[in-house]
Structure formats: C-alpha cells, structure tokens
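Sequences and hints are given; from them, build the entire structure.
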Amino acid sequence: MHDVIRDMALWIACKIDKEEENFLVHAGALLTEAPKIKDWEGFKRISLMENNITSLSAIPNCPHLRTLLLYRNRISMITDGFFQFMPSLKVLNLGFNIFLNKLPSGLSSLISLEHLDLSFTVIRELPEEMKALVNLRYLNLEYVYLNRLPLQLLCNFTKLQALRMLGCSNYSGEEEDRVFFKDAEPFMKELLCLENLDLLSFTFDSWHAFETFLTFQKLLSCTESLELTKLYTPMSLNVLPLAYMKHLKNFLIQNCAFEELKIENAVEIQNLVQRGFRSLHTVCISDCSRLKELTWLVFAPNLKNIDVQNCNNMEEIISPGKLSEVSEIKERQNFLAELKFLCLKDLENLESIYFDPLPFPQLKEIEVTGCPKLKKLPLDSTRAMGHKIVVKGNIEWWVELQWEDRVTQRVFSTCFDPMEIVF
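Under the UniProt record's numbering, the first residue of the sequence shown carries the number 1, and numbering increases by one thereafter.
Not one of these hints is a red herring.
Think about it this way: if two alpha-carbon atoms lie no more than 25 angstroms apart in a straight line, the pair counts; the simulated SDA-like pairs of lysine to any residue are:
id: 1; residue 1: K373; residue 2: N349
id: 2; residue 1: K159; residue 2: F216
id: 3; residue 1: K102; residue 2: V122
id: 4; residue 1: K44; residue 2: D80
Since the hints were derived computationally from the structure, they do not count as laboratory data.
Below is the structure:
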C-alpha cells in the first residue's frame, strides 16, 4: 500500500476523539454547512466527510493543515482561493461530491499535496494550474467524466505512484483534448515518463486506444483494474495479452459486441496454465448480448468474484466443448477453486454453469435471478460437508432446480435465501 494512502487509512481507522488536540472531526454529523472558518485554524487534520454540506464559500487560513476529508457531501461550489492558505496540506479527498462540477482557482498553492481524490464528481476540466502539484503521489479520477485533460499535465507529477481512471473515458470535449483520442499515444507516452508509477486503473471505449495500451509493457505491468466499454468492433477479443499483467485484479467488460473471448495462441496454453492471470480476482461482464460462454475463466486460478449480467445469448459459463481443447485444465478439474461469489442476472438463455459438480472449496454465495433456463447448479452433497453456501434467487426458480441426487437436495435445502421480485 502506498505510504500516503496508508497514512490516511490509519488516521480514519483510529476514530480520533473530537476533542483531541489538532484534530477537528465532524464526520457523519448531518451538517448542512461547514463549521465557521475561524474554527478551522490551528488544526492539522479535519474530517467533515459524510455530511450534507453544499458549499464552501469562505477562505480559511490553515497553515498547519495536513489532511482535509470532504468525502460524500453535497458540495456544488468551492469559492476561488479556498485552498490558497493551506501550504502544508498533503491529503485532500473530495470524492463522491456528485454535484461538484468545477475546481476553484488557487490549487497551485497546494505545493505539499500528495493525495488527491476527485472520484465520483462531475468535474469537467482539470485546470492548467494543477501542474504546480509536483509532490502528488496519488490521483483518483475514477468516474469523473472529464471533457478535457490538458496534455502535458500528468508528466509534471514526477512523484506520482498511483493513477486511477476507471470510468473516466466518456469524453465529449474537443478531440485534441480527449485522453483516448485516436490511439491515445501522446497520453500513454506521458505516463511512461512517470518513473515512480506502479498502480493504474483504466477504462477504454476506443479500440485503437486499447491496442496502443497493449504495446506498452510498463503500463501493462502496473495496471490493477481494466474496463472495456462500448467497443463494437472487432467481434472477438484475444485475452492472452491480459494474462501476464502481473497486477491485474479487476477486469470489466460492459456493452461490447464481442462474440467470443478467446486464447488465440494454442502454443501458449501450457505456459498460460502455469503463469497466467495469477492476480485476477474479479471479473464483471454486462450488456454483452453476443457472448455465449466464458470458458477462458478457467485460466484464472485465483478468481474470487464472477458477476455476469444482461447477456442475452449466454448459454454456458464454462463450455465442455471448449474445455475439451485444453487437456491441461480439464484433467485437473480444480478450476475456480478460489471462487467466493458468483452472481448471474438476466441471462435468459443460460442453461449451464458447468455440466459436472465442482469442488468449490471457498464458495460462499451464488446469486441467480432472471435465468429461467438454468435448472441445475454444479454442486453435489460432498460440497456441503464444509462451510455453508448461501444460494440466493427467486422461490419459483429454486423449487424447479434439479439436483445430483436426493442427498444433495436435502443438504442444500437449508442454504436457500429467497429474493423478492422487484417490479
């Protein structure tokens, strides 16, 4: 964990008493206004997170302030110059202020800032004066729908270690200012200049930009989360280049036209079985109406979460036909051994997860809704000997399930958690 992130996490975890010297804490206090500015002076750390504050209209003088947490408020306006007298500020969290659409002038005064979280705001533009934040180590822009990210901005952050941009690709600004315009090569080369960078998260809605990304090994090696969205060509995706991304934990595909996710190079299979997808923990796939199966998941030995939703043509999660082509895995029958959560929603043609029972030694929960053709789960009575699995779904689906035998049906009869149908 990065030092600045750890410092902030430890501070929050300490649950510091309000009256403790140098700390001002009004977290979750239902405030609609910030405390009076004169009350800010002298504090080193201030937390006003999880309130209903709508604006910051006065300019505080906080020469000793190191941490300012404004996370989860309703802030829509921060007055220009608000940060002008905070030269010691290291941590600033403005995340989840969903009405905040503009940063105030005066950010260049934050010469000590190391951690900046703007996630889940509606900020449209990062100002040029942010180039002065040369000590920045952590920048979170996840789900910030920027119209403009100035070129040559990021390369000023020479100490940057973590850059989170998941969900930050739906640009509507001028093409030359779009991060992923055409092949996104200028943006990628900016990132390559950041020698300390070791954590990335990205969303790509341009196939050319994604192809360019795959050519930069340094970026591949430090990417933790990757999302592909609104890609309507090509018709298939070779997942092999993703297999050796040593830090890839989360892979998401949304609203893409892929008919197949495949491993194109059969020569690589043995190497893939031994070394591929070692860090991958979560796969989420939604609104991909042409996909029929996800057999490639068997190559991810440490996969913990699978979430598949609204894929109308999905027939199988693991296809026996596809799996028969990979004898190295089929013979072992130990795939998905680390799986903890399986969520299947609105897959109207899904008939099978896998045709045989699987051990699932770590499985905690299966959730199935809107899958009327799924009549059997890959479970048998031996699976119930260990810790209990919770199966969530509609009661109509549950009573029609077919079981391996009566013993299996009996041992799992207490595992069902019915879900209400929401209209």
